[in-house]
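Undergrad: If you want the building blocks of each chain, they are given just below.
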Amino acid sequence: MRHVACYVRAYFPVAIAAFCSLSLSACKPSATLPPASIPAPRLASHEATLRFTEVTLDTGIQFRYQNAQEADQSAILESLGGGVGLLDADRDGFVDICLPGGGTMTSDKQVGGLPTGFFRNLGGLRFASCAKAGLSPCSFYSHGATIGDYNNDGFPDVLITGYGGVSLWTNQGDGTFTESIEHCGIESPSWNTTAAWGDFNEDGSLDLYLEHYVNWSFDNHPVCRVPGGQREICSPKKFEPLADQVYFSNGDGSFHDATQEAGLRTDGKGLGVLLLDANDDGHLDVYVTNDTVANFLYLNDGDGRFDEVGMLHGVAVDDHGITNGSMGVEALDYNSDGLLDLWVANYEDEAFALYRNEGRGHFLHVSELSGVKALGQYFVAFGTAAADFDHDGDEDLVVANGHVVKFPQRSPRRQLPLMLRNDEERFVRAESVGDYFENDHEGRGLAISDLDNDGDIDVVVSHILDPISVLRNDQQSARWFGVQLSGVRSNRDAIGAKLTLHTTDGNKMMRQIKSGVSYLSSSDTRVLWGLPNGAEVERLVIRWPQGHVQEVMAPPTERLLTIVENVGGEVDEPVSENDNANDASVP
Amino acid sequence: MTGSNPKTTGARAQTRPRLKILVAVLACAVIGLVVVRPWRSPSPETTFAKARKALAAGDLDAVAQALRILRDEADYVGHCRLLEGAILLRNGRFAESLYSLREAARQPTLELEALTLAGQAQYHLGRVGEAQQLWSQAIRLNPSAVDAHRWMGVLYYDLGAMDQALEHLEKVSKLAPEDSRPDRLMGSIYQDFERHQLAAKHYQTSLQRDPNQRDRAEVLLELAESQTKSADFKRALATLALCPDSVGRAALRAECYYALGDREQALELTSLVLEKTPEHLPSALLRAKILLGEDRASDAAALLEKTSQFHPKDYLLLYTLSQAYSKIGDETKARETLAESEKLKKVWQEFSRLNTEAIHQPRNAELRYQLGVLAQDLGRADLAESWIRAALALDPGHEKAAEALSKNEKDE
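Those protein sequences? They're chains A and B, same order as listed.
Position 585 of the first sequence, counted from 1, bears residue number 585 in my numbering, the numbering being contiguous throughout.
Position 13 of the second sequence, counted from 1, bears residue number 600 in my numbering, the numbering being contiguous throughout.
If you're looking for bench data, these hints aren't it; they were derived computationally from the structure.
Just so you know, nobody snuck in bad clues.
Pairwise CB distance ranges, derived in the manner of DEER restraints:
no. : chain 1 : residue 1 : chain 2 : residue 2 : range
1   : B       : Leu829    : A       : Asp301    : 55 to 65 angstroms
2   : A       : Asp301    : B       : Gln936    : 26 to 36 angstroms
3   : B       : Gly916    : A       : Gly547    : 23 to 33 angstroms
4   : A       : Gly185    : B       : Gly916    : 35 to 45 angstroms
5   : B       : Gly916    : A       : Val488    : 35 to 45 angstroms
6   : B       : Arg689    : A       : Asp440    : 57 to 67 angstroms
7   : B       : Ala926    : A       : Asp219    : 35 to 45 angstroms
8   : A       : Arg305    : B       : Glu881    : 31 to 41 angstroms
9   : B       : Ser885    : A       : Arg305    : 23 to 33 angstroms
10  : A       : Gly228    : B       : Lys994    : 41 to 51 angstroms
Positions of the beta carbon are idealized from the N, C-alpha and C atoms, including for glycine.
Make a model of the complete structure from these sequences and hints.
TA: This is the structure we're talking about:
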């Protein structure tokens, strides 16, 4: 807040007391603003080795998310978009792609669903549309794809979320799916956005966190307008929040609603969710990003009862104590201190939030300190993911951006995506990393995986109306190390496992198997590390979700290892190298 | 044959040129009288023009002198009314001025000017609606009436109707391209509404129009602040390099250095600022943030506790303090402080909401009174008084506002 009225005195020579007596406070403006130019990127060092090529046309994937904007209803439903689900459905070692299709709206205000796309990875970055997979039809307007082996059978299942329902597609073990929602106990005719699988009560089966957004419907569809008078999509502030839900697994493939016993808040407008061990106590916590209201951090007591501490622990608001329009979310150990930090993709006029983990689940907003604020506040950011894209040993970030309203006043509807390189704990915008990053898009969901099994992380982005993009990482460094965990006592996906890779140069590179992450999307749960020049892998230490520690000494590099949980809990090396079920080919 | 006396002839010959010179001199004198007379005794039009200039310069004696001359001119009755009205206005006799100005406005050539001045008189009398009407009328007469736009800008600004204020200030800026002031004021308005990039643009325009303006140092500092707030830290530092040394400059430099990764420099600068002005809130908050990041939560808490004595109702300070307590491990204090911060934040949010409403309801006195009450709750007596005055300007009979204002004055 500032007091400006005295400037009137300078302005008007015939000043009188009244002219200098009035003032205003700072508050969010309502008037129009011209589009801002995107600032010139700051160059990071070692740029040359980071490059992505858009290979969508060559992959054979033709798919676009439909948001029904042509119905001209100016519904907030149009603004969310769709996600990307990455999974190795048939366990052939190649990661397949699942894409929610969106929906339709008619002039008589009926909302309908569109088919989910499923594309089987044939290897060599060639994909085939696979209607046989059985992931369609979708009776509701879909948004998200959440992947998890909820029945612990070794094959990933798919949960599609959307407006008016969710559908649970159970993998039949051959990469085809059958619908299981009717009998599984999950019932949510509400507006479902991002979901995440994780074992909250530590019984070895995956539970489900299901986010809900706001109470929009055609019966609650106010008319909002821009200053020019055109009808505009209303802000989420116009609507009431819908409470999130938690479903606990019954251990037999069915679930029960445990929202009450888990102790969830009811005032979120959830768009992103991330399961991680925030306070490093071995229990899987939940971080929820909400749109225009405070974000939540639920600390888990190990039995699936949560204590929401977002405000107290510094991750609910920004450094001005203000709630943001938070969408995408990711966790990474950006400063290599062994603790997971939180990264949140926010609305325009708000910086991306980087919350540094200070230990015991306390966080500090360090967007300024880490150079993130200097990126500007032009972006409406959605899907995001962290990985060591440039193989220099630390995690970088990728972000998909795009506006949500029809007539944006400040930044454009189509926006540049961002590739942010971690440059000694400061994030700088990487330049010349490929055409995709030099063109504007209406980005939404984003997920990452080594789609061509060449040891580097590729990216898949979903857009509003435009075809999805598959971005191949053309990383030159051939030095990498990858693992896929397979839980035995812990959940099969090992969600919540903490992996620390020790290298001969003294570095410790920590990763966690997370769930949720990004926005309406699910990335591959395989973990890949780039290995900087001169670094050799000394050992890998795994802390499994059930708490016991497993250590793998001098594992071979430049290949993907499948590591099965050693239920004996001994510190040894029970490594199954490229086992038959997951024979990832390494060029 | 007539003989000629050469002497006489010679004398005549000499006399003729003298005569010619005399005639010429006389002619010049006559012409001079004809031509120069008006210069010595100017035309009524010139006298009126000079009076206007004097009025603009605030030289009321000169205006009065011109008025005396013009009173002898039968065709200049309207002009005299205008000048009378202007003098009365300048002397603070607003109600009396209105009669003269109304008379003046009957003459079409003076209408615009008379309306603009009458608007001022009404405005000073607290009759905001009437003033607005008169200036609107002036603008209808001449859409380029720069003074009327100027005053409309002021009126809306004072009422907290910033969209409308900006609309008129934009016009002034276009109509008077040499004037640096409208852009400076627009910069301030945008800055207050956290539209920092736009603010920076207007400050820059203001400085371009008059690089040596009287308040150059202040404008530069405001420009640097808007650049800092829009995360343009390097440019902000470049702007700050042009500013004379001050606490404000040091505080902004600290923010920039911190954002650019130089914690040491930022710490040093905040130390300097807080040494001189321990109540400097932005520097205290920045220093606390740095200390928290360096695992010095106790130091951060001590600093914030000290600063909270100056700003007991600042929700951000209390929020940061709760973070410090939380990090120290004092959960009770952390929760208590956070609860207090949240309570104040709600008041602030309501204040912001009403502020935005005030933009769209430029004539709502009650809304402005409510804003005054909330500002008081936030410990901002200065803001409270401003809003209450705005309420009274719109509705002089607003009892609660009058009461609140008199209570404030008594307290002061």
